[in-house]
Amino acid sequence: MSIRWLTLVPLIGLLIGVIFANRATPIVLGMPFLFFYVVLWLILTSVCMAIVYKFDPTNRKED
Amino acid sequence: MHASSMVIIFFTIALALVLGLLAQRRKQMNLEQWSVGGRGFGILFVFLLMAGEIYTTFTFLGGSGWSYGTGGPTVYILAYGAVAYLFSYFLLPPVWRYAKDHNLISQPDFFNKKFDSKWLGILVAVVGVVAIIPYLQSQMTGLGLIVEVASYGAINQTVGIGIAMIVLALYVTISGVHGTAWTAVLKDIVILIVVLVVGIALPVHVGGLHKMFTTINTEKPGFLTLGVKGMGIPWYISTVLLTGLGFYMWPHAFGAVYTAKNERVFRRNAIFLPLYQLVLLFVFFAGFAAILIVPGLQNSNLALMAAVQKIFPAWLVGVIGGAGVLCAIVPGSLMLMSAGTLIAENIYRPINPNASSKQVQTVARVMVWIVAAVTLIFSIHSNAAIVALLLMGYNFVSQFFPTILLSIFGRGAVSKAGAFTGILVGVLLVVYFTLTKQSLLWGVNTGFWALLVNFVIVLIVSAVTRDVKAERSITV
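Chains as they are written, first to last, in the working numbering: chain A, 13 to 75; chain B, 240 to 715.
Extracted from the complex, chain B is given alone in its bound form (with noise of 0.2 angstroms):
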């Protein structure tokens, strides 16, 4: 039996738990509180909150899983963050200020407001809470994963999943954002140590970088460069922008932007959260050790987790998995959180005018555990890579780029009907990719091409719609 490394799992469980439940003990609980937390963050908050968005165990056991099945294609992973910093330069000071001066709480809000439609809010909150669910289900499939290798088998990851989603709802029902900003803080220190002595001691076991890596392309030539299984330049260009223009596009990372004290902090933060990036490549060094580790893996997702276990005592592989707990637990609690939201402020008030707060909050808090329900549905019936499962979440929130920017920059630009339109055949079309398990076009991603569709209609329909608007408002 290997006691201590389940023991150390449910104790970081058990802690993230605690700091949940303690971090609202002395908030008084409205929803905008809960939600976006009295936008009273600072600098530090906001930082950590969005290098949660980073250290997810999508880079945890998805980063080291690609570098391990698919070798250099996982390079897009370092350059999208970069290229996601680089407009959020420009893009959110502007998204923050209109947030601010419209007393905004979600991402639906944004549009809502802009363009003075209810329909289109809620079509913008049903897209994000569809994207939302792959998400939560890569985060979900990773620490089932790790408690079941943590346990040496023991426990199952159908039950680890199950005990997981049940902690997750419960503290984000009672604490909201400030229970994930504590266990954002646990999480960061615990996350760097871990994945800086995997990357280092995995490498280290196999001979030092260098012959690593020379091992492995005299191994399999071509492994370490972009064309792996199809995956060469153009998509690689496509997907960068692809996701880095995505990023700041799922609705809880567009809704923590409004928790911001000032615009300032986005574009100080451009300069830092690139470098904050490096740390991944420890995770990829990992990825690759485990090719020589433990080569031949069925499931990819697994290399980490593999190769610790291989190589280190049970007391550290339960350490390493708990790191490994917090990375799910933290994003996962801004998903969950950001798609009860969603659907309670957003789908269901807007059709249910007369509702009242209470009423609406309480929506909020059941919707939280009916989508970790469905989750958990999908999490059992789909073993999909942790990768593609984000991509197919960010196939989906992309489409809202388009009218978002040009309703920033293009004064006027983009009318209701072309937002409308856009954002309806830019998702129709993601679905009808994903349905058809299309991935790649003539090389390039599938979300690109719908993302550069969505774009070309929001300008034609606009353009044609706006005349007719210019028109009204003059004879009104």
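Just chain A, same shape as in the assembly (with noise of 0.2 angstroms):
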């Protein structure tokens, strides 16, 4: 199993997740809900596409 395929996480959780957090309230953070969620996801996506670099052995060649 490829590390690649990490980054379907945060695409799911970006088109698909926002579904289930369509809402203004709690605000979270200062933000509606919905935004936060986005944020989250961003953070989150960083995080995955770190993690995939770091594993990823095309990476690790010279250049």
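Don't take each hint at face value.
[Unchecked claim] To be clear about the criterion: a stretch of chain A counts as covered by chain B if any three or more of its residues have a C-beta under 8 angstroms from a C-beta of chain B, and this derived list gives those stretches: (1) 18-24; (2) 56-63.
[Unchecked claim] Here are the computed distance ranges between Cβ atoms for each label pair: (3) 613(B) - 24(A): 39 to 45 angstroms; (4) 670(B) - 37(A): 39 to 45 angstroms; (5) 14(A) - 395(B): 53 to 59 angstroms; (6) 595(B) - 56(A): 49 to 55 angstroms; (7) 16(A) - 449(B): 38 to 44 angstroms; (8) 32(A) - 670(B): 34 to 40 angstroms; (9) 41(A) - 261(B): 42 to 48 angstroms; (10) 20(A) - 431(B): 39 to 45 angstroms.
In short, the hints are calculated from the structure, not lab data. Beta carbons: idealized from backbone N, C-alpha and C, even for Gly.
Put the complex together from the two separate chains, hints included.
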């Protein structure tokens, strides 16, 4: 199983997960819930891509 | 009189112009240098050039304007960037490699080389130029508004746009991509400060974030979620996908990919760029605060500047306006340059194969001025929302996606005829939806429908024509 499949996780979170997160309250960190949810997934996107980058053998090769 | 704000804005424009002129002095200008910076840019410059795609007038005025006028659906702007970077990890390295191996300069070159078809290249170039115009127009509309507001009405929007177009065209013709890169450095510093200041000061002025959103939610129930003006979940998913896939399909973004020094640049950027998106939040906060500071504006594009004008002193309005001007000039110049290069290199040269490089270069520079003039005319006659203009452009450029994706990853899955019909049908559908003023069909973005039809047609036509091609290659 390639580590690259991890990319699907934020994609699903951002596209499908919103169905369950489409609400204004509770207000979290000063943001309406929907905004907080998308922000959370932006950060998780970055984390997932960092993991993919680190473990993807393609990036270990010298240029 | 509020002379201070105007002085600061004109100083910014002059500074951008000087940087653009200085940038080209020590470089010998051939066409490759002019448009892809000699392919020698490192991580930092590529990052800045790509960040230039994020912070445009669209974000500055359009993003805050959408928060002000549309509410919840604004989250799509946060999400599509992340989707674009997820795809970029896989899509950009092979595109870059192919471009490097074949010495490509522009986006149509990619199609031209891949399918060995001059006319496919020309089609892509034409669609690219058509898509760039509403994008450029969105930058100009915003710029004109900024100058108008910052001069407190002394200079009207039309004159402001006119001045801006001349500055843009002037430095694009002289310095090409180096001018853009240096102005991008200045822009990124200024805009970051301004966005943070505005995004914090305006919400604080109305009692802080928590109170601000609670008040908006009480006054306008449902405004802070998806579903406003028919833009519900299906709209969100289709638009995030459409614009996420379309992100790197813009001729200028696709061309900027070629400027990287190595392919790892893109994979590493895919980690950091989603975080860069978070700065957009402050723009949205400013737009939401404007609902409480300056309610009932006719033109939602004005929300940010109107709120700023009501609260800050004139000189600060000038600084913020100056940042907005840079936001328009950086991506605007990239787009203008792309349009000029596309017309010269990918429409004029294939039609006149005997033209010398010098002639092509002259055509590119002349076309920059013509595209600028056409955009100016459109800007004066239309008052569309900035985001609506951008989405229109996205509908067009995303039609390249099926062919690019399948030609990179689906070895031989796309034939020349398949690529040609897919793009043509997708674009014609977009034109039809645009002319009949439909942006939603069963709750789904119409550009997304065009993209789906395009995908299916590419596959069907390729399947039908592939056998013929294979037979021919056997007999030859």
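Exercise. Please name the hints from earlier in the document that this structure breaks, with their numbers sorted from lowest to highest.
Key: Hint 10 alone not satisfied by this model.
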